[in-house]
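Peer 1: Numbering of the sequence shown is given in numbering that gives the first Met the number 0, commencing with residue 0 and proceeding in unit increments.
Please keep in mind that the hints were generated in silico from the structure rather than gathered at the bench.
Heads up, the beta-carbon is just placed ideally off N, CA and C, and yes, glycines get one too.
Don't take each hint at face value.
[Unchecked claim] Dumping the calculated BS3-like pairs for lysine-lysine here, alpha-carbon to alpha-carbon at most 27 Å:
#: 1; residue 1: Lys272; residue 2: Lys224
#: 2; residue 1: Lys126; residue 2: Lys224
#: 3; residue 1: Lys231; residue 2: Lys160
#: 4; residue 1: Lys224; residue 2: Lys184
#: 5; residue 1: Lys324; residue 2: Lys366
#: 6; residue 1: Lys85; residue 2: Lys62
#: 7; residue 1: Lys250; residue 2: Lys174
#: 8; residue 1: Lys174; residue 2: Lys325
#: 9; residue 1: Lys77; residue 2: Lys126
#: 10; residue 1: Lys324; residue 2: Lys86
#: 11; residue 1: Lys247; residue 2: Lys126
#: 12; residue 1: Lys85; residue 2: Lys52
#: 13; residue 1: Lys355; residue 2: Lys366
#: 14; residue 1: Lys108; residue 2: Lys324
#: 15; residue 1: Lys250; residue 2: Lys184
#: 16; residue 1: Lys86; residue 2: Lys62
#: 17; residue 1: Lys214; residue 2: Lys86
#: 18; residue 1: Lys77; residue 2: Lys160
#: 19; residue 1: Lys247; residue 2: Lys214
#: 20; residue 1: Lys160; residue 2: Lys174
#: 21; residue 1: Lys250; residue 2: Lys86
#: 22; residue 1: Lys126; residue 2: Lys108
#: 23; residue 1: Lys231; residue 2: Lys85
[Unchecked claim] Across the chosen pairs, the derived CB separations fall in these ranges:
#: 24; residue 1: Asp267; residue 2: Arg133; range: 30 to 38 Å
#: 25; residue 1: Val122; residue 2: Asp294; range: 38 to 46 Å
#: 26; residue 1: Gly88; residue 2: Met354; range: 27 to 35 Å
#: 27; residue 1: Asn335; residue 2: Thr200; range: 47 to 55 Å
#: 28; residue 1: Asp319; residue 2: Thr73; range: 32 to 40 Å
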Amino acid sequence: MMMKILSTVGLFIVCFGFIISFQSCSKNSENEPIFQADFTFAPTGAEVGVSVKFTNTTLSTLKNTYSWNFGDGTTSSKENPDHVYKKVGNYLIVFTVTNPNGDFTISSKELMVSYSNDIDGRVGLRKYLENLNRNILICAHRAYHINSPENSLAAINDAIKENIAMVEIDIRQTKDGELVLLHDKSLNRTTNGSGNVNELTFQKVIQYNLLHQNKLTSQLIPSLKEVLELAKGKIYIDLDVKIENFLKVYKLIRFYGMVNQVMFTVDDIATAKSLIANDEQTILMPIVRNQSDFDRYTMANLNLSVLHYTSGSLYADLIDQAHSKKLSVFKLVYVNSSTTPDSDSYKQILKLIDMKVNIVQTDFPVKVKAYLEAKNLN
Numbered sequence: 000m001m002m003k004i005l006s007t008v009g010l011f012i013v014c015f016g017f018i019i020s021f022q023s024c025s026k027n028s029e030n031e032p033i034f035q036a037d038f039t040f041a042p043t044g045a046e047v048g049v050s051v052k053f054t055n056t057t058l059s060t061l062k063n064t065y066s067w068n069f070g071d072g073t074t075s076s077k078e079n080p081d082h083v084y085k086k087v088g089n090y091l092i093v094f095t096v097t098n099p100n101g102d103f104t105i106s107s108k109e110l111m112v113s114y115s116n117d118i119d120g121r122v123g124l125r126k127y128l129e130n131l132n133r134n135i136l137i138c139a140h141r142a143y144h145i146n147s148p149e150n151s152l153a154a155i156n157d158a159i160k161e162n163i164a165m166v167e168i169d170i171r172q173t174k175d176g177e178l179v180l181l182h183d184k185s186l187n188r189t190t191n192g193s194g195n196v197n198e199l200t201f202q203k204v205i206q207y208n209l210l211h212q213n214k215l216t217s218q219l220i221p222s223l224k225e226v227l228e229l230a231k232g233k234i235y236i237d238l239d240v241k242i243e244n245f246l247k248v249y250k251l252i253r254f255y256g257m258v259n260q261v262m263f264t265v266d267d268i269a270t271a272k273s274l275i276a277n278d279e280q281t282i283l284m285p286i287v288r289n290q291s292d293f294d295r296y297t298m299a300n301l302n303l304s305v306l307h308y309t310s311g312s313l314y315a316d317l318i319d320q321a322h323s324k325k326l327s328v329f330k331l332v333y334v335n336s337s338t339t340p341d342s343d344s345y346k347q348i349l350k351l352i353d354m355k356v357n358i359v360q361t362d363f364p365v366k367v368k369a370y371l372e373a374k375n376l377n
């Protein structure tokens with residue numbers, strides 16, 4: 000739909016949320032060419048409660064007047080105002096410049112205001128990893144799913160209640176673009192539904208219930224939005240992104256102010272570089288299978304804090320190389336295995352302690368946590 004508004008001083012068109020301004024064709028009385036309103040704002044990544052500086056960049060030497068509409072019901076007549084947003088959201092900034100003759104021009108830009116990345120009462124993940132010393136951080140694989148379905152809100156909430164430091168969750172996308180938690184590409188194993196999640200709309204997906212130990216529960220497949228609302232400031236997150244568009248996931252993380260609380264597992268250098276080019280504060284966890292992987296990632300200026308080691312790369316020299324670069328080492332233990340901490344007498348954990356691994360991801364986070372606490376390692 001297009002709406003046209005015409006007056007004696009100008010014409011502007013509103014189309015799909017963008018405003019394009021047109022001025023009268025004549026020159027003003029001071030023989031200055033008709034000008035085009037323009038402006039910038041900083042920071043471009045605005046946050047709730049943080050001042051945004053708006054700067055007039057209109058090319059004009061006249062004594063113009065200015066009108067700003069910040070999109071949240073407030074306005075200003077200053078040339079270069081500051082403004083603080085109180086709520087998250089997308090705001091359309093409309094800037095009007097009027098010259099002494101009454102000719103005006105309008106420019107508009109969209110500004111996304113996110114939650115602050117400063118986590119109230121909780122240190123950011125990067126700093127937390129720096130201060131681990133000999134302690135071992137525990138990550139609950141697909142959240143704490145002993146009593147609740149994997150990748151469910153209940154499982155995440157259970158992890159929070161048990162004071163588990165981190166949960167690992169899997170991200171997929173529905174047919175209509177909603178980011179959701181699901182490990183498999185299909186609903187068949189974990190719900191009473193069927194079909195591939197990327198071929199179903201979100202409304203269709205949430206018609207089905209999650210299973211736990213093959214029994215139907217009241218839990219639904221959660222959206223990533225719901226998870227971030229639950230987890231913000233309460234628990235760290237390891238994101239296993241199952242789609243190609245990592246930046247779409249990042250944007251939602253950024254909107255919720257959780258860049259400091261979340262890390263992205265990455266398995267190729269191109270994805271890692273793309274995320275860091277977008278925001279150098281993004282926390283990445285590359286999968287390292289051998290010395291070549293280690294060299295490739297650590298030489299790529301990725302602002303790394305942690306590396307995901309596999310069984311093939313878990314040997315003393317490569318661990319020492321990581322620690323010499325002040326990088327934490329992450330390793331799976333008791334994951335998707337018939338071996339449990341009890342049946343194994345915690346031998347695998349003892350090995351990881353001896354090898355100075357810093358983070359363990361497991362299907363038994365509460366048991367492993369209690370064991371490490373008894374050794375003053377958590």
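Peer 1: Holds or violated: Lys160 and Lys174, Cα atoms, limit 27 Å.
Peer 2: Not satisfied, since the Cα-Cα distance of roughly 33 Å exceeds 27 Å.
Peer 1: Are Lys247 and Lys126 close enough, with their CA atoms no more than 27 Å apart?
Peer 2: holds, 25 Å
Peer 1: Would you mind confirming whether the straight-line C-alpha gap from Lys324 to Lys86 stays at or under 27 Å?
Peer 2: It is violated: about 40 Å lies between the C-alpha atoms, which goes past 27 Å.
Peer 1: Given the hinted pair Lys224 and Lys184, is their Cα-Cα distance within 27 Å?
Peer 2: It holds: about 19 Å lies between the C-alpha atoms, which stays within 27 Å.
Peer 1: Honestly, do Asn335 and Thr200 meet the 47 to 55 Å range at C-beta?
Peer 2: violated, 30 Å
Peer 1: Given the proposed pairing of Lys250 with Lys184, does the C-alpha separation stay at or below 27 Å?
Peer 2: holds, 22 Å
Peer 1: Okay, Asp267 versus Arg133 on CB: inside 30 to 38 Å?
Peer 2: holds, 32 Å
Peer 1: Do the alpha carbons of Lys231 and Lys85 lie within 27 Å of each other, as the hint requires?
Peer 2: Given that 27 Å is the threshold and the Cα spacing comes to 18 Å, the pair holds.
Peer 1: Is 38 to 46 Å right for how far apart the beta carbons of Val122 and Asp294 are?
Peer 2: violated, 30 Å
Peer 1: Hey, Lys86 versus Lys62, does the alpha-carbon distance stay inside 27 Å?
Peer 2: Violated. Lys86 to Lys62 sits at ~34 Å, over the 27 Å cutoff.
Peer 1: Do the alpha carbons of Lys126 and Lys108 lie within 27 Å of each other, as the hint requires?
Peer 2: violated, 35 Å
Peer 1: Does Lys366 sit within 27 Å of Lys324, going by the straight-line distance between their CA atoms?
Peer 2: violated, 31 Å
In terms of the numbered hints stated before, the structure departs from hints 5, 6, 8, 9, 10, 14, 16, 17, 18, 19, 20, 22, 25, 26, 27 and 28, listed from lowest to highest.
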